[in-house]
Amino acid sequence: MRDELRRTLQVLAEQGQSRDPDQVFLAATQVARRRQRRTLVSGTVAGVAVAILAVGPGLVGKRNDTRVAVGSGATTVPPGTIVPGGPAASERDRLMVAGLIEFAREVGPPALTFAEEGVQLGLGEDLITRRAPSELNDPAQWVLATQEFRSHVGPFSALTLLRESRSLDVSVGPHPHCASAPVPPPAGVAHLRRVSVHPDAADGCLGWFTVDIYVDAEGIVHAVTLDLWAP
Amino acid sequence: MRFLRDTSSDQERFRQLYPRLLRFAAVVAPTEDDPNDLVQEAVAQTLRRHRLTDLQSPEHYLRKSILRLASNRRRTLSARRRANPRLARMSPAVDSHPSDLADLLRLPPSVRAVLFLVEVEGWTYRQVSDLLGCSEQAARARASRGLRQLRTALMEETR
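Protein chains in written order, with my numbering: chain A, 1 to 231; chain B, 1 to 159.
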């Protein structure tokens, strides 16, 4: 009986028609992504509702004019986005961000003033490395070889994200971490002005990122951090 | 760089696992379902939470997931058949298979899984119990129950 059972089980096991495993995997990935997006949409709606309740109507105001126009990839800002207060982006901030985006898109060299002692590059609240101003002319030097960060797989580069995004937004000071609460700045640069560039709300949280540029009163860049959203 | 974007290493891992997962899915899947769908769903559910390469044993994890999905599917289909007897008559019955296969397909997916893993793949009951999330004794009990049912069916057929 055992042999017969084994044979029958073998027959049953062979009944599945083999497909291209890459196709099966691709289909599974697409399903997973679609479900993730659906979860994020509901999560974002809940997050925004919580933010409105938490900050009150006084802080949910009209957005300042913070659009960035760079070359052919001019960006637009949807109205009515929640801003957590703080100073509005100045003309200098906008020019600085525009310079970084142009550099990311290889339109020209970085039109930013870097600190002589170098610029610290980091992820989220962590400053990981320091690069000399001369090194920063090379996009490869902006890459952080961290393997994993907030469920995203590295390496990470602020320039890559800025290059790939078409619809960007600038803010100054603490800002919501997409649907989550603001993330504090790295301890070493907390005293500096934080100018952030991130995609507009239409991209959803999965594609959300922020590149935070820390500048002093003279507009000299001391640190640049990248942060991503994780479910 | 983005979440769920860099899946090349997972894809490579899955390519290696696929033939074994498909065989397992074919054993535990209800007759109405394509085993490939079970494998795909198990991978989709896993990828939402983990990268395959981050799991200690992705094969074990995926088999567990396939078995859970198969058991849920069987429960849903049974409930549907109970609620609608006409549907039960129209559904592709296990009786369309040769008698030995049909007898096997009447067993619950978890019992089929135990028998397949032990008899064909040579797993120990301890390993099987880990997959099923039960004690070793319970895994043995399921196997004996399955064998008893098959023996009874065989005896009835030969009578």
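Hints in this document: simulated from the structure, not taken from any laboratory.
Be aware that one or more of the hints could be misleading.
[Said to hold, decoys possible] Below, a list of computed lysine to any residue pairs in the SDA-like style, where the Cα atoms sit at most 25 Å apart:
id	chain 1	residue 1	chain 2	residue 2
1	B	K64	A	I128
2	B	K64	A	D20
3	B	K64	B	A83
[Claimed, not checked] Looking from chain B toward chain A, a few residues come up when the C-beta cut is under 8 Å (computed):
id	residue
4	A25
5	E32
6	P35
7	V39
8	V43
9	L47
10	L101
11	L107
12	R145
13	Q149
14	L150
15	T152
16	A153
17	M155
[Unchecked claim] Computed footprint of chain A on chain B, listed as stretches where at least three residues anywhere in the stretch have a Cβ under 8 Å from a Cβ of chain A:
id	segment
18	68-82
19	115-129
We put the beta carbon where it would ideally sit given N, CA and C, even for glycine.
(request) Assess, step by step, whether the Cα of K64(B) is no farther than 25 Å from the Cα of I128(A), and give holds or violated. (result) Answer violated: K64(B) to I128(A) is near 39 Å, above 25 Å.
(request) Would you check whether E32(B) satisfies its interface hint, that is, whether its CB is within less than 8 Å of any CB in chain A? (result) violated (13 Å)
(message) Please check whether V43(B) passes as an interface residue: C-beta within 8 Å of a C-beta belonging to chain A.
(response) holds (4 Å)
(request) Using 8 Å as the Cβ threshold, decide whether A153(B) counts as touching chain A. (result) violated (11 Å)
(message) Restraint: M155(B) near chain A, CB-CB cut 8 Å. Satisfied or not?
(response) At 11 Å from the nearest chain A Cβ, M155(B) fails the 8 Å test, so the hint is violated.
(message) Would the hint linking K64(B) and A83(B) be met if the CA-CA limit is 25 Å?
(response) violated (29 Å)
(message) Let's test the interface hint: is any C-beta of chain A closer than 8 Å to that of V39(B)?
(response) holds (6 Å)
(request) Identify whether the interface hint at L47(B) stands, where standing means a beta carbon of chain A within less than 8 Å of its own. (result) Since the shortest Cβ distance to chain A is 4 Å, the answer is holds.
(request) Hold the hint about L150(B) up to the distance rule: shortest CB distance to chain A must be less than 8 Å. (result) holds (7 Å)
(message) Restraint: R145(B) near chain A, CB-CB cut 8 Å. Satisfied or not?
(response) violated (14 Å)
(request) Sort out whether D20(A) lies within 25 Å of K64(B), counting only the CA atoms. (result) It holds: about 22 Å lies between the C-alpha atoms, which stays within 25 Å.
(request) So, Q149(B) near chain A? Judge it on the closest CB pair being under 8 Å. (result) At about 12 Å, which exceeds the 8 Å cut-off, the nearest Cβ of chain A leaves the hint on Q149(B) violated.
In summary, the numbered hints that this structure violates are 1, 3, 5, 11, 12, 13, 15, 16, 17, 18.
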